[in-house]
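**Student:** The primary structure of each chain is shown beneath.
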Amino acid sequence: MPTVKVNGIEVEVAPGTNMIEAARQAGVDIPHYCYHPHLPVAGNCRMCLVDVEAGGRGPDIACNMQARDGLAIRTDTDNVKRMRRSVMEFLLVNHPLDCPICDQAGECRLQDYYMEHGQHHSRLADEKITRTKRQDIGDLIILDADRCIACSRCVRFSDEVTKTGELRLFNRTDHTEIGVFPGTRLSHHYQGCLADICPVGALTNKDFRFQKRSWYLRAEPSVCDRCATGCNIDVDHDHGEVFRYRPRRNDAVNKSWMCDFGRLSYKRLAAEDRILTARGPEGAEGVDAVLAGLAAAVDAAARDHGDGSVGLVLGTRATNEANWAMLRALRAAVPGARVFLVEGNDPDAFDYTDDLLVHADKNPNTAGVRLIAEADGAVGDAEALRAALADGGLRLLLVLADDVLARLGEVRRPEALAFFGTWANATSEAARWVLPLAAAQEVEGSFTNFQGRVQRLQPAIPAAGDSRPGQVLAAGLARALGEDALPAGAAGVFHDLAANVPAFFGLSLAGLGAEGALVHREPPTEQVAPPDTRPAP
Amino acid sequence: MTDQAHNGEKVAWTEQELAEIEEIASRYPSRRSAMLPVLWMAQHKFGWLSLPVLELVAETVGVPPSEARAVASFYTMLKKKPTGRYVLQVCHTLSCALNGAEEIIRHIESKYDFDENGNTPDGLFTLERVECLASCGSGPMMQVGEHYYERLTPEKVDEILAGFESGEPLPTPRPEADEWQWNLQS
Ligand code: SF4
Ligand code: SF4
Ligand code: FES
Ligand code: FES
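Residue numbers (the working numbering), protein chains in the order written: chain A, 23 to 559; chain B, -2 to 183.
A hint or two may mislead.
[Claimed, not checked] Partial chain B-side listing against chain A, Cβ under 10 Å, derived:
1. Trp45
2. Leu48
3. Ser63
4. Ala65
5. Ala67
6. Ser70
7. Pro151
8. Lys153
9. Asp155
10. Ala159
11. Glu162
[Unchecked claim] Beta-carbon label-pair distances, calculated as ranges:
12. Gly38(A) <-> Gly142(B): 52 to 58 Å
13. Ala94(B) <-> Pro37(A): 19 to 25 Å
14. Thr73(B) <-> Ser144(A): 41 to 47 Å
Simulated from the structure, these hints should not be mistaken for lab results.
If you're wondering where the values come from, they're calculated on a predicted model, not measured in any experiment.
Glycine is no exception: its CB is placed at the ideal position from the N, C-alpha and C atoms.
Next up, chain A with everything else stripped away, as it sits in the complex:
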């Protein structure tokens, strides 16, 4: 491992590390525009120029300098300051300086670095060269070519990540202009990433544009719940009102990217069809009252028709904790209850899959539920559930999160149905008891993605309405069923899960870390498409 020096601070870095990353490890920030950790190095903005003290010749660009033994750079010399100032002056020569109406303001590297390294007066005597403003180039993107600094990040993203190649720098020198081929538009589903990586306000996100000044937003880490990939996200909110999701870097899962479906799914948190209150046979009631009514029905069914008349369908859209807590609660009170797992996509899933990030399975926790089902050893599949419903022996069915009725298609419905879910659907409509389940971004817990990576959820915003995390609803049900000894709280439930499900042995919720942790076994290496249960369009 090479050892390098940055401003006299010695750091040992992994082979292949460039000097921007090495400096970061030494606690030194090297300003840069064109370099991005998940794109090939272009070396065209020159903002990262540093002095080379030993082990090379300088000045040179840090982004394209590989760490090697004996290399020593300085970023704190007068020369470096002068170079940064000059680079800033060139970058701003033709810039329109329209920050007051620019949506990037507050998160713009041009602004930030001008304040840190520029602070010059314009010496431009000629007219500025202007470029095309406000071009609608994609479903999610507005391009203002006037603000572009020609860093080519977006070009490299469309070439190397989406491999669609729509964006190019046209013309030459100071007439260089970023754009798409006339008459064409962006064709991929990662457009929001372009707005993320554009260091200035040239590419902005139509959905977020002019909704909120970025400095009013707080970012909380979370995980996307719209497919089995589980991209890491930041939830940007103002006092609980969410304005956008942005990808949070996780090199093992989503690098710095996320798809547009997931990105826009923040709207679902405050969507019309959210289940916000508990509902029993008598209409809206408090959560505890509905749980008590449900518990009484569970007791009665088990007493009158035997344990096997009560069933639970685990939820591929619910957390590991919600599933485990529900399973434990029911198994404790009704040991012979029947448990099922019905895989498939719900009708509200989006209809797109690729081999970049978007998984065919549109549920965030299928892998986790499979492991729980496997450990339980007595969990039936969709066929088993169909059969149990057909013979009428299953009278009372509890459903967690998934739109199980839609997944099953035509089936004989159970006498009574209880639904613990976040959004209204066919199952909630048919249910006698409906319990409001908090959304993934509102709860403590974890999902296991298709790789078998357990990723931690922490409440980014308060739970909407009366909704509660699955483990809390499960604990309430357990209490109503007379079971008080079960662990409560996400950490406790996870601990219990990790003690009983072999794949989770040794893991703890707090120990999952920012990158998540793999369960103990080979994850499925292939994407296996679940049966498509969406109605024909």
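Once you've looked at the hints, dock chain B with the ligands against the given chain A.
**Tutor:** Below, chain B with the ligands without anything else, positioned relative to chain A:
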């Protein structure tokens, strides 16, 4: 994809041109390296590089159309606008300028009605100011096709242009100039 046609027609290569392109592509380790020669071929064939022509080139070379446009827009010798049959490239760099290049240019401008792209309405001429063409000892000068006209005077220019007007072929053969469609409307 744009649905415009080039000069009112759909663009396509002939079998023979396709074979030639394959031969060109085979000289490079990666097919996209054939971009410049194929753009050049296209310019010879179609006169100028309209969007449909750029799309055809991109498809032939196996890159997104944006790349063909990016490359074409980089080089001034690749024409992104239609030009007249005779492109008058008058040098206005130092030696020529000192010897009266501006006078020559003003003289040509006064003879015809050039539009903002430097084309005459009949499609016969395009006037361009260019930088040094390395004929500094014999300025002012202009290049038409691949021929240099040197030591220009207004009288000499009148004579040369009168010849072109009467349909005189270019001194250096430029076969494509006689073949392509003269339609500046597109
Ligand atoms: S649009 Fe943004 S990302 Fe693309 S080249 Fe310009 S500044 Fe860079
Ligand atoms: S790929 Fe899946 S997990 Fe990632 S953002 Fe899209 S929907 Fe969400
Ligand atoms: S970041 Fe190094 S040259 Fe742009
Ligand atoms: S200056 Fe005109 S040819 Fe050199």
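**Student:** Of the numbered hints stated previously, which ones are contradicted by the structure, given in increasing order?
**Tutor:** 1, 7, 8, 9, 10, 11, 13 and 14
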